[in-house]
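Student: Chains as they are written, first to last, in this note's numbering: chain F, 330 to 555; chain S, -16 to 76.
Check each hint, because a few of them may be wrong.
To be verified - Where chain F lies over chain S, by a calculated footprint (3+ residues, C-beta under 8 Å):
| id | segment |
| --- | --- |
| 1 | 6 to 15 |
| 2 | 48 to 62 |
To be verified - As a list, the in silico DSS-like pairs of lysine-lysine whose alpha-carbon atoms are at most 30 Å apart:
| id | chain 1 | residue 1 | chain 2 | residue 2 |
| --- | --- | --- | --- | --- |
| 3 | S | Lys41 | F | Lys384 |
| 4 | F | Lys393 | F | Lys449 |
| 5 | F | Lys384 | F | Lys449 |
| 6 | S | Lys42 | F | Lys384 |
| 7 | F | Lys393 | F | Lys451 |
| 8 | S | Lys(-1) | S | Lys68 |
Claimed, not checked - Beta-carbon label-pair distances, calculated as ranges:
| id | chain 1 | residue 1 | chain 2 | residue 2 | range |
| --- | --- | --- | --- | --- | --- |
| 9 | S | Arg73 | F | Leu351 | 27 to 33 Å |
| 10 | S | Lys68 | F | Ser477 | 46 to 52 Å |
| 11 | S | Lys36 | F | Thr516 | 47 to 53 Å |
| 12 | S | Thr18 | F | Ile339 | 57 to 63 Å |
| 13 | F | Asn448 | S | Lys68 | 56 to 62 Å |
| 14 | S | Lys42 | F | Gly432 | 48 to 54 Å |
| 15 | F | Leu379 | S | Lys68 | 37 to 43 Å |
| 16 | F | Phe360 | S | Lys42 | 56 to 62 Å |
Worth flagging that the hints you see were computed from the coordinates, not collected in a lab.
Quick reminder that beta carbons are idealized off the backbone N, C-alpha and C, glycines included.
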Amino acid sequence: MNENLFASFITPMMFGLPLVTLIVLFPSLLFPTSNRLVNNRLISLQQWMLQLVSKQMMSIHNTKGQTWALMLMSLILFIGSTNLLGLLPHSFTPTTQLSMNLGMAIPLWAGAVITGFRNKTKASLAHFLPQGTPTPLIPMLVIIETISLFIQPVALAVRLTANITAGHLLIHLIGGATLALMSINTTTTLITFIILILLTVLEFAVAMIQAYVFTLLVSLYLHDNT
Amino acid sequence: SQDSKMASVVPLKEKKLLEVKLGELPSWILMRDFTPSGIAGAFQRGYYRYYNKYVNVKKGSIAGLSMVLAAYVFLNYCRSYKELKHERLRKYH
């Protein structure tokens, strides 16, 4: 049971070839492009949703920050679609791999911070000391603020990994428990099954919320720095 | 007449699969374009065939997307069959 539990998180390879590349590229197949004014239903729905999200998320930024609109919208689409596809049976979710999430979080966070340091050096350095701190506390507070700055990308990556992995593990465990209980006591099976359904609904929500949170935080780091 | 006789002699390479006779099948397969650009062309043709039939229509339904997802689930099942084999409800695995 222990080996089976974590088997779905192993990077898929086939005859030594990385199958995971195809799996990571698969969500892009579900978002077709079109140059027409009036599109088919799939593209119209996606464009409507994208417009809604981009208006809501990019409205807080100034002109410089809004140049990141394409990056942030691609990010939320990618994380959202990858997480949702991971809820299908037997599928592999790339966002459960810490390596992938670090690869997304570190460059984006670093880009925002370095932009801030290059363009608004004084204001960026001023972030290290909150307003109105008593003088004796200043050295310690600068250290704490530095640590909190450098922990941001790690927190971004680990938050996403942990949430999605935990959700998948819970579904596996409770599903396995439901199956095992079927031959023992039917009422308990029913209760466990209802828990499983509620958990699946939660996981759908979590999939989308995590994408939103990730993108929102990157956008917030950007807002601080532009 | 003369015209129908000319039209029926189509070279093997240009026939579609359903028009190839069973005896000609091995030579038809060997004549296909297996270069990288040929294979890429085959994938592109297949993609657009599916897209234009089920998605790029005026009143596309959920079936266009669902068939793709069902195929994805099936392929993932095939990929992980080796591990799933041990989880069947059998006395001896």
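Student: Name the hints, by number, that the structure is in violation of.
Tutor: 1, 8, 12, 14, 16
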